[in-house]
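J.: These protein sequences, in sequence, are chains A and B. One point on numbering: in the UniProt record's numbering, the residue at position 419 of the first sequence is 419, and numbering is uninterrupted. One point on numbering: in the UniProt record's numbering, the residue at position 83 of the second sequence is 83, and numbering is uninterrupted.
I should point out that these hints are in silico values taken from the structure, not numbers from a laboratory. One should not assume that every hint holds.
[As the list claims (entries may be wrong)] Just so you have them, the derived chain B footprint on chain A, three or more residues with Cβ under 8 Å: (1) 243 to 254; (2) 361 to 372.
[Unchecked claim] Sample of chain A residues with no beta-carbon within 10 Å of chain B, all distances over it, derived: (3) 112; (4) 142; (5) 178; (6) 191; (7) 233; (8) 238; (9) 239; (10) 261; (11) 275; (12) 309; (13) 322.
We put the CB at the ideal spot given by N, CA and C, even for glycine.
Letter by letter, the chains look like this.
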Amino acid sequence: MISLRRRLFLILLVATGVIWLSAVIWIYQVSRAEVEHVLDTRLQEAARMVDSLVAGHMPSSAPEPVVIPGGETTGYERQLSCQIWSLEGRLIARSAGAPEEQLAGPAPGFSERVVDGERWRIFTVDDAEKGVRVMIGDRLGLRDQLIADLIKGLLWPTLLVAPLLGLLIWVSLGRGLRPLGDITAALKARDAEDMRPIDASHAPEEIRPLANALNALFAKVEAARQQEREVTAFAAHELKTPLAGLKTQTQIALATSDAEIRDGALRQILSSVDRTTRLVRQLLVLAKLDAGSPTLPASPVSLGDIIDEIGTIGGTTPGCRVVVDPMLYDRRVPTDREILTIALRNLHENAVQHSPAGGTVTWRFTPDGFGVVVEDEGPGIDADELPHVRQRFYRGRSRSPVGSGLGLAIVEVASARIGWSLYLENRPEGPGLRAELRAPALNEAPSQV
Amino acid sequence: MRILVVEDDPILADGLKVGLGLVGATVDLVGCCVDARSALAAHDFDAVVLDVMLPDGSGLDVLKEMRAVGDRTPVLLLTALDEVSDRIRGLDGGADDYLSKPFDLDELAARIRAIARRAEGRAAPLLVSGELTVDPAAMSAVLGGAEVPLSRREFAVLSLLMERPGIIRSKGEIEDRLYGWHEEVESNAVEVHVHNLRSKIGRAAIETVRGLGYRMRNA
């Protein structure tokens with residue numbers, strides 16, 4: 001992108017040029033009309049003057065035309081030529097520069113003709129009383145030269161002034177754009193961490209919206225970075241704590257001679273490795289969702305099949321029954337299968353983990369058919385904790401030992417990626433949580449199979 | 001030494017209870033700020049190991065409340081936040097020491113001993129009473145150049161009595177030091193331990209103050 005200063009400079013230069021050119025054309029036209037008028041009047045006056053100077057009746061039989069000499073002349077002085085003819089068509093006299101050929105036809109008044117390869121403008125006066133016809137002519141070439149000299153006289157100073165004007169425009173632009181430069185310099189001098197707003201109070205009103213927009217952007221970036229820092233700090237905590245547990249338990253196993261304590265420590269190590277593995281897997285899923293890899297084009301999928309698949313891979317908690325409404329197998333929903341699977345898996349795992357022994361986890365469509373619901377018979381979520389459970393690493397007071405604090409955050413991010421939304425509530429009819437995923441797509445294109 | 005561990009991670013908390021138990025401490029576990037507050041209100045501890053990120057709030061708040069009401073129990077902060085600014089905030093908030101996760105169990109034990117020692121007003125790591133020298137770090141006692149074999153609980157009773165020579169320790173105090181909340185206290189356990197100690201370090205070393213408790217006799 002061309003710099004603003006150069007851009008303005010070019011625009012101003014072209015605009016100034018166009019104005020000057022228009023002025024020159026206008027001056028040329030006006031001057032030309034004026035010059036023609038003045039010179040025509042001169043022709044007329046000269047013709048009448050010559051006519052008045054012709055003494056009495058010219059003999060029609062004078063043998064040779066008289067040539068009236070003029071001095072040595074240059075430039076415009078030789079402009080006018082004069083011929084005096086008898087009314088019968090005999091050349092009586094002519095001025096020194098005038099051609100011998102008759103300049104104009106017999107008609108009196110103004111006329112134009114080409115004589116000896118030159119274009120002439122002539123004024124003819126007929127004097128019947130004296131029996132003469134006076135013709136005063138003007139070479140048009142000389143007239144053009146006169147006007148060209150006039151324009152040249154105008155253009156030369158202009159050409160001399162033009163670079164000065166250009167310089168003036170350039171310098172003025174620099175001064176005019178200084179507030180922008182000041183802000184640029186202030187931004188350049190910042191380090192990457194500095195997200196303080198720009199001081200726009202003294203900026204011109206044209207720049208203030210830009211400064212305000214930048215400040216709003218800074219605020220957004222700062223908020224995003226703050227969130228990232230918090231998530232990183234949480235992730236560090238959530239990873240370092242199990243590592244600390246692993247190290248402590250390992251040191252116990254190495255230090256003790258008591259077989260019971262050692263076995264206990266080893267069992268704790270094993271369960272910690274499982275938990276940490278799951279945490280790392282969840283972190284990677286979330287990172288992948290956050291990275292925003294493109295979703296696949298929607299294809300019809302059976303929610304029942306996905307839930308079966310999750311149950312098979314993940315394994316169900318012994319003593320917990322999973323019931324899937326047959327409708328979930330029959331009706332197919334167009335969506336990105338992979339991402340929906342992530343959301344459903346986390347809801348399923350949550351429900352199963354929080355189910356009491358002998359509890360039932362139920363999957364079904366909502367009565368209106370626009371959403372899918374999973375219900376468990378666990379303790380549910382305390383009302384004051386409900387607004388927080390989607391936050392990353394939030395684990396409520398009744399935390400399960402295998403929970404990563406990421407499950408519902410993953411469901412939220414994953415469902416948002418495919419345009420679904422997550423609703424959580426405690427079951428009104430009894431203990432347990434009711435989680436609903438609503439899909440606008442279900443509304444639009446439910447396809448029966 | 002009786003220690004309160006405030007840590008919400010079950011595996012790490014179990015490791016701290018067992019691990020610190022191996023080096024002679026009696027550990028009580030709580031997993032959140034609310035439980036930590038009630039534990040601190042109900043008992044005296046020789047030291048507190050406090051996690052910063054707890055499910056219902058920040059350990060730093062618990063620490064501030066402790067200091068606000070004049071509780072001088074030494075506190076070691078345990079946290080995954082290891083930015084310098086976090087350490088400064090913890091120490092300025094009233095903590096006596098700071099360890100970042102993951103940590104070494106032996107280092108943790110040594111640091112707990114150090115802050116507990118300073119809280120008792122001692123700088124020397126060894127407890128000395130006459131011919132008897134006790135090394136809390138090594139869990140060993142030496143009498144006149146000869147090692148005295150002691151059980152974990154005998155060692156705990158002897159350490160308590162020697163920490164503040166001349167101070168009388170009641171039976172209740174000794175029981176507090178020996179048993180965590182969930183442990184069954186036998187009615188004559190303290191008498192049995194004191195009896196056994198006397199047989200190992202000499203009858204006259206521990207004096208019974210009738211109706212009050214026990215103390216070391218200065219030699």
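J.: Please name the hints from earlier in the document that this structure breaks, with their numbers sorted from lowest to highest.
T.: Checked against the structure, the hints that fail are numbers 2, 7, 8, 9, 10, 11, while the rest are satisfied.
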